[in-house]
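Asks: Please model the entire structure based on the sequences and the hints provided.
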Amino acid sequence: MNKLILPNYKRRASYKAIITRILEGEGNASTRERQAAFENTVFDKPLNTLLNKVALQSKKITDEDVEKLIASGLSEDQIFELIICVAVGQSSRQYEAAINALTEAAANK
Amino acid sequence: MRLNVLNNGYTIGTKILFKIIKIFSGYPVPDAAKIVFYRPGFYGNQMKKFTHETMRGPSLWSVAERELIAAFISKLNECSFCIGAHTATASIAYKDKTKVDAVLSDLETAPIEESLKAVLICIKKLTLEHSVNSNDMKKVLDAGVTPGQIMDALNVCFAFNVTNRLADAFGFQVPDAKAFETGAKYLLKRGYK
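As given, the protein sequences belong to chains A and B, one line each in that order.
Residue numbering for the first sequence follows this note's numbering, starting at 1 and increasing by one per position.
Residue numbering for the second sequence follows this note's numbering, starting at 1 and increasing by one per position.
Since the hints were derived computationally from the structure, they do not count as laboratory data.
One thing to keep in mind: the hints can contain errors.
Distance condition first, Cα-Cα at most 25 Å in a straight line; then the derived SDA-like pairs of lysine to any residue [unchecked claim]:
#1 A:Lys53 - B:Asn7
#2 A:Lys60 - B:Asp31
#3 A:Lys59 - B:Ala32
#4 A:Lys16 - B:Gly41
#5 A:Lys59 - B:Ile121
#6 A:Lys45 - B:Arg2
#7 A:Lys109 - B:Asp136
#8 B:Lys34 - A:Ser75
#9 A:Lys109 - B:His130
#10 A:Lys68 - B:Gln173
#11 A:Lys16 - B:Asn45
#12 A:Lys59 - B:Val29
#13 A:Lys59 - B:Ala102
#14 A:Lys16 - B:Gly148
Replies: What follows is the structure in structure tokens.
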């Protein structure tokens with residue numbers, strides 16, 4: 001990691017801890033399902049419909065989106081975990097892209 | 001909220017805590033606080049730690065500026081709950097609601113420092129387009145913003161990009177202005193612990 005962000009190492013550790021816990025710790029959804037949600041690479045409907053909305057257009061999520069998931073047999077705890085994973089995953093991709101851009105810009109300045 | 005477990009699935013101790021908070025504040029615990037108490041070992045404990053460090057820990061931005069950044073991101077994501085909560089918090093922190101409203105309605109003409117404006121322009125692109133490049137960051141650096149300031153702002157971005165999405169997905173109830181004001185005072189006094 002570039003030394004430019006050393007003042008934020010403490011927060012970097014806290015950030016990594018969020019991701020490690022939700023992807024590798026105990027859960028009701030499998031680690032494979034949580035990883036796929038994090039990456040927004042779930043292809044099964046209706047789960048992918050909701051997860052894609054969480055990632056890219058969360059304002060458009062409806063009651064029906066969640067009701068369809070419950071009707072599909074997923075437990076509320078599984079849905080809770082997968083929604084968190086996709087929200088953290090999308091936010092993480094944006095965060096990492098920005099850090100990479102900052103590191104490159106600072107190195108060339 | 002859309003999942004029953006987030007309305008009723010708390011331990012006895014947490015339910016008692018929620019009742020105590022309601023008695024003292026006069027308002028139910030806001031949904032943003034409730035979700036970090038649901039199975040806190042999965043997400044809430046770690047996220048509270050990151051958010052508290054980011055919003056109240058040492059930073060190159062003031063608490064008011066960080067709350068304004070949070071409100072700005074929430075506005076871009078059209079997250080009603082977080083717009084209300086962090087507009088109220090930034091307004092009290094700045095003691096200047098007009099300034100906060102100006103930033104949220106028209107960043108270009110808002111009466112804020114050029115360094116903060118440059119960061120918010122970059123954050124706008126990151127939030128709406130989901131990425132930025134080195135040219136975008138060069139513009140921020142050229143405006144005199146340090147890499148450390150940018151990192152501190154990006155930490156706010158991460159926290160609120162997550163929270164905005166969860167608010168909309170789980171269906172956080174949007175309280176009235178008075179409740180937001182009460183919540184804002186709590187956040188300024190106690191932070192996100």
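Asks: Each hint should be assessed against the structure and marked as holding or not.
Replies: Results for each hint:
| no. | hint | result |
| --- | --- | --- |
| 1 | A:Lys53 - B:Asn7 | 22 Å, holds |
| 2 | A:Lys60 - B:Asp31 | 19 Å, holds |
| 3 | A:Lys59 - B:Ala32 | 16 Å, holds |
| 4 | A:Lys16 - B:Gly41 | 15 Å, holds |
| 5 | A:Lys59 - B:Ile121 | 22 Å, holds |
| 6 | A:Lys45 - B:Arg2 | 19 Å, holds |
| 7 | A:Lys109 - B:Asp136 | 13 Å, holds |
| 8 | B:Lys34 - A:Ser75 | 19 Å, holds |
| 9 | A:Lys109 - B:His130 | 24 Å, holds |
| 10 | A:Lys68 - B:Gln173 | 21 Å, holds |
| 11 | A:Lys16 - B:Asn45 | 13 Å, holds |
| 12 | A:Lys59 - B:Val29 | 23 Å, holds |
| 13 | A:Lys59 - B:Ala102 | 23 Å, holds |
| 14 | A:Lys16 - B:Gly148 | 19 Å, holds |
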